[in-house]
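*Asks:* Single-letter residue listing:
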Amino acid sequence: MKRFLLYLTVAIITFTIGYNINLIYFSDRAPEQPINFSHKVHAADNSIPCLYCHIYADKSTISGVPSVQKCMGCHKIIKTDSPEIQKVVSYWEKKEPIPWIKVYNLPDYVYFSHKRHVKASVPCQRCHGDVAKMDRITRQTVIFGVPFLRVSPLKMGWCLDCHKNGAKEFIGGPVRNGTDCWTCHK
Amino acid sequence: MAGFLDRLLERFKIYREPGYYKRYDYWWAMVVDLDRCTGCGACVTACQAENNTPVVGEEESGKGRVLNWMRIERYVEGEYPDVKVKFIPVFCAHCDKAPCEVACPVYATYHNQDGLNVQVYNRCVGTFTCATYCPYDVRRFNWFTYKDKGSFESPLDEQLNPDVTVRTMGVMEKCTFCIQRIVAAKDRAKDENRKVRDGEVIPACVQSCPSKALTFGDLNDPNSQVSKLAGLPAEPYYLRESGSKLAKISKNPRAYRLLEDLNAAPTIIYLKRVMKGSSTIGHE
Amino acid sequence: MLNRRDFLRVVGIGSAGAAAGFALAELNAPNPARLIPYLIPPEDIIPGVANWYASVCRQCGAGCGIVVKVMEGRAKKIEGNPIHPISKGGLCARGQAGLQVLYNPGRIKNPLRRIGERGKGEFQEITWEEGLTILSKNLKELRDRGEGDGLYLLTSPISGHLKLLLKNFMNAYGSSKYFAYELINYENLRFANNITFGQNSLPHYDIENTNLLLSFGADFLTTWISPVNYSYAYGHMRQGRPGLRGKVIQVEPRLSLTGANADEWVAVKPGTEGLLALAIAYEIVEGGYYKGEDRGKWLAALERFTPRDVAKVTEVAEERIIGIAREFSKTKPSLAIGGENVSSYENGVSNLVAINILNYLAGNNIGISGGIIPNRDIEKSSFIPVNSLMQDASKGKIKTLILYDTNPVFTTPGAVKVEGQLKNIPLIVSLSSFMDETTLLSDLILPTHTYLEDWGDNFTEPSVGYPVATIMQPAVNPVFNTKSVGDIFIHLARNLAGVFQKEIPWTDFGAYLQASWKMVYNKHKDMKEIRETTFEEFWNNLLSKGGWWKEESQAGKKVYISVNKITPYLPKGPASFDGDDKDYPFYLTLYPHSSYMDGRGANLPWLQELPDAMTSVVWGTWIEMNPERATTMGIKEGDVIEVESPFGKIYAPVCLYAGQRPDTISIPIGQGHKFYGKYAEGRGANPLDLLPFKVDERTGAVSHNSTKVKITKTNSPGRLVKMAGWTKELGRDIVQTITPEEFQVKEG
Ligand code: SF4
Ligand code: SF4
Ligand code: SF4
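Residue numbers (our numbering), protein chains in the order written: chain A, 3 to 188; chain B, 933 to 1216; chain C, 9 to 756.
Pulled out of the complex, with its shape left as it was, chain A reads as follows (with noise of 0.2 Å):
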C-alpha cells in the first residue's frame, strides 16, 4: 500500500513536470506558415526595415502584417517565377487575404503596446529574437539542430525583469509604475 502511494505521487509529479515542459519550452514551435515566408530573405538579403511592413508597430498596440497589396507592390515584379510568390498572387487574384498563423500570442487579459516599446526604442530583436536569421519564424533557439528555449518566454516573470531592470538601457531607468498591474492587464 505504501509502496503504492510511493508510485502514485511519482507518477503525478512527473506527469506535472512532463506536461509543463511541454507546455513552457516546447509549444507552439514554429508553425508551417501558408507561405513559406523568409525573414532572412527580406530582413537580412534585402535589409528590409521591420516598419516597413509591420507599419503600425509605431501608431498602435498592434504591429500589423502586411496587406496582401503590399506584397504585390513589390512582388508584381520581383521573383514572379517563384512558386512560392505565385501562391501570393493567388491569394491576390482571388481577392482573399492569407491566413498567416500567430506565432507571438498574449492572453486575452494582458495589454501589450508595440507602440510605448518601439517608441522607447526597445529593438523588435528584443522579444522576436533575431529574426533576420530565421528562414521560418520560430520562437525556439536552436542548438546543434534541436529547438532549445524560447527566444523570449512572454511569460510576467520576464516582462517585470525588463520593466524593472532591462529598462535601464532604453530609458535610464525603471519603467514608471511598470509593476503596477494594470500596466499590462486589463
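No lab work stands behind these hints: they were computed from the structure. Bear in mind that the values here come from a model prediction, so they are computed numbers and not experimental data.
Partner residues aside, some chain B positions facing chain A, computed with beta carbon under 7 Å:
no. : residue
1   : Asn1044
2   : Gln1045
3   : Val1050
4   : Val1052
5   : Tyr1053
6   : Asn1054
7   : Ile1111
FRET-style restraints, in silico, Cβ to Cβ:
no. : chain 1 : residue 1 : chain 2 : residue 2 : range
8   : C       : Asp516    : A       : Val112    : 42 to 48 Å
9   : C       : Val567    : B       : Glu1011   : 39 to 45 Å
10  : A       : Ile50     : C       : Leu32     : 37 to 43 Å
11  : A       : Ile19     : B       : Met1101   : 25 to 31 Å
12  : A       : Val112    : B       : Ala1179   : 41 to 47 Å
Straight-line Cα separation of at most 27 Å, DSS-like style, residue types lysine-lysine; simulated pairs:
no. : chain 1 : residue 1 : chain 2 : residue 2
13  : B       : Lys1081   : C       : Lys686
14  : B       : Lys1208   : C       : Lys736
15  : C       : Lys255    : B       : Lys1208
16  : C       : Lys721    : C       : Lys277
17  : B       : Lys1081   : C       : Lys84
18  : A       : Lys42     : A       : Lys89
19  : B       : Lys954    : B       : Lys1180
20  : B       : Lys995    : C       : Lys644
21  : B       : Lys1079   : C       : Lys84
Quick reminder that beta carbons are idealized off the backbone N, C-alpha and C, glycines included.
Position chains B and C with the ligands relative to chain A; hints supplied.
*Replies:* Using the frame of chain A, we list chains B and C with the ligands on its own:
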C-alpha cells in the same frame, strides 16, 4: 528568508508611509451631483457596453447575480400621496482605505498609484472575501463563464470591447473607473510628452449621462472640474486618511461621501439633492 | 529505503508519467490563432486604434446625434455626439443599446418568401434578385390593371430625404396611400398647438431656462419627445445657473421618473388633468394675474371651472390649485407642458389645449426664453388613423401593403384585431430588420439595414430653437445580406422603368442623399448661410460633424389667443372611460416603458436587464398597485393577478408602488411579444390587449388611457424579478438632501 519577507512587506510599507500618495501623478475621483441625476439608467447601459459585462438572463437575475458594475439605487419614502423618491448611482468608490483590499488573500485587489482600487482578474481566485467586506456592495462575481452560456451569442460578440478582457467563471469584478480609457489617455499624453488634461479621461457612464450629473477628474489638480465641484482646497490629501470628514475641508455645502463614518475614505463625492421639506444637514 | 528494484520501478513510472504529461500537453495545445492581414489596407484605419463616425440615433424619433466607435470594421460603442445640439454628448439607455440592434442574433439574414400558411412562420430563403422581382412584377401588374391606388405604404413617422424618396416613389406609381403609424406619437399635441398657437408642429420647450415647470403627465426625462435633450435641460435648470434653481411640479396619477425628480407631485384623478389646468387658468384670470383686455371674456369662458368645483372632480385640494396658480403666474418665466399621459385620454386634444393656454394667461410665456418657443412650420405629417387603414383593408381596397419599420399587430389596441384585417390583403411585403408580429404575417420579407449600416438623415422637429439636420452614415459594413430601404425603392424604380427612371434616376440611396444635399447646399449658399466654398467641403464637414445646424436662438413671435376661437376646444368634463365604475373599479393607465418604448426595444438584452427606474423590475411585465389598496384586497407583491377590461384580459405579477393612486393601476407597454427574437418572445404581457379602439379622428392618435379594469388574484405562477429588495433608507443617510432654502442661503 528575510529578503523574501522584506519584499512581501514592501508594498505594505509604501502604503503605510504617511502621505505616500503625494508622490503620485494622479488621483482619479468622481463627483456625482444628485440634484442633476434623474435616475434614468443610461449610465448603467453605457457601462455594460463599454466593459463587456455579460447579460445574465432572467433566471440568474432572480438569484441576484447580475453583473452590472454600477446600479441606481432608489429610495421610496413616505406613503401615498406624500411620496418621495430619491435616486443615487452607486459604483465602486475606489476607497483610499479600502476594506476589500485587506481582505484579499492573494492580493488580487490593491490600490494603484493613481488612487484606483483595481482588480486583477487573472490573479483572483474567487474567495468572495472582498465582496463581503465592501460596504458599498459593488463587487460582482462571475458564477459562470457567461460567454459560454451564450451571453455573447454571435453576432453579439462582435461588439465586445477589445480593450477589456472578458472575464471567466470564478472571478470577481467591479467598476474600474474605465481604466482602459485612463490607460489610453495616458498613452496619448506620453506621446505628446505632457500630463493628462482635465476632462481628457471620460469614463463611459460619465460620457453618457444626459443630464451631466457625473464628473470625472483628478483631485491632485486643484483646477480640475472635480476639485472645483467638490469645493476642495489644493492638496486635499487629508481625505485619504481614515477618519477624515469631507465637510471639514469642502467649501461646497452639498458635498458628502457615502457612509463616510465607515472610514473607507471613498473617492466618490456626492452632491446632496435639493429637496423640499427634508434636510440631512447636521445629521452626524 | 528503496531497494534497487523499487528504484527502477520509480524511475520507470516517473518517465512514463513525464512522457504521458508531455503528450497530453501536446494534444491539448490550443489551435493556432490566425493573423489575417488586409487585402488592401483602408487608408484611414489603424488596427487597434478606433475610428469614430458621426451619425444619428434611430431608437426613437428624437434624433440625437451620435458617434460610433469602430475598430477593425466592428462597431464597439455608441456615444452622444458632444457637439450635437440635441444630444449634447449624452445618450439614453436605448441609444446605448443600438449596438444590439446591429448585432442582434434575431435579425433576418436573407430575403424570405412565405411557403406555408400565413402566420405559420414558414419561410424560404431567396435571393435579392428574386425578392425584388416578385415585388416589381406585382407592382407592374397592379398598375397595368389600373389599381395603382391599391398600393399602400405604411411606415414609422420618418423624416428627412428618405421620406421624400418614398413619397416620390408613391407619386410616380400613382398611389396616394403613403401613411405613418406609431403608438407613441405627438399628433394630438401638434393639433392642440395648431389650435392654440396656430402652428401644427412641436415647439421648443425651453426647460433649460425656466424657473417653474408645471408638467402634466409629461415624462420628459425618459420617453417624451426628446428625452436626452430635456434631461440636459433639466440638469441645467437645476444646477447649471448659479444662484437659480428651477422648480418642477408634476401632475399625474402615477408617479413617473420625471415625477420622482419633481419637487411636488399632484396625484390627480385620471382623466381630469385638463379640468385642473382650467381651474388653474380660472384662478390666474380671476386673481388678476392675467391683465389682457379680454379678461372678462376669459372669466366667462372659464367660469364653470372654479377651483372649488374642480377640486371635487380632480381630488386636488382647492388651496393647492390656488397655490399652484399663484406660483405659476408669479414665477417668471414659467412653463406648462402636457405629455403623453394627458394626450392619450380620449379627450387628449382638449386637455392639451387647456394646458397650452396656461402659458398664455400667465403672462405670455410664449416666444420667450424659459417658455415655449414655437417652431418653424413643418410639413404636415401623413399620420393615418389606423381605423381607416383597417376599413380599407376589410373593404379589399388594399392590394399590396408595404410595411417599413412599424409593427401594427403589436402596437395597436387588442380590439383592432389587425391580424384578422390583414388577411384580406393579397400581398404583404415587410421591409424589416427583425421578425416581429407583423412581419410574420407577410408574404415577402426584404430585410433592411439597421441605422448603423445605412445612409440617411433626420430633420428634427422638436428642435432646440433652431433647425437641426443630422446625417446618418454607415458606420460598419452590413452584417447580414440586407439592403437599405432607400436602395430597395430605387431598385424597384429601376425594375419598373418608365416614369420611375425619370423621377428616381439614382443608382443607390447614398448617391441620392448626396444629390439631395447638394440641392440644400445650393439653396443655402445663395442665401449666404453656408461658409464652405465647395460642396465637397460642405459634405465632408457634414459627415465629420454629424449634421448641419446654425446655433441661433429664434425669438419666437408673440401670439394672441382669442377666447371665442378656443372655447369649443376646451375640455367639457373628465375624460370618459369604458367600463362602468361598479364592475371595473380601477383606472388603467399605460405608459411606454423607459427602455422598450412601444415594444421595439424588448429584443435587446441590455435593455431587458436594465432595472426599471422606479420599480427595478427586469425581464418582464409588472402591474403597479398602491400598497395599501393591495393589502385591503389581500394582494401581495409578486402575486399574479388577472386584469380584465371589457375588451380583454392579461396576467402579470403585482409590484407594489407607493407612487400610485389607490384607484389606478399602471402597466408599462413593451413586453408580451409573440415573435420578436429570443430575448423578447413569450415574456410578460401586452397591456394593449386590454384596450378599446378609440382614435381621435382628427389626428389619428390612438388613446391608450381609455378603459377601466377589474383585477382578481390568481394562483397562476408568475415571476417578478426585482433588483432592489429594499427601498427604505432606515436613517443611513444614503441620499442626503438639503432644502431649497438652505441651498439658496448657502450657495447664494
Ligand atoms: S467601494 Fe468596495 S470595492 Fe470599491 S474600493 Fe471601496 S471597498 Fe473596495
Ligand atoms: S445617466 Fe446620469 S442622470 Fe441617468 S442615472 Fe446615470 S447619473 Fe443619473
Ligand atoms: S432619446 Fe435615446 S433613443 Fe431617442 S434618439 Fe436620443 S438616444 Fe436615441
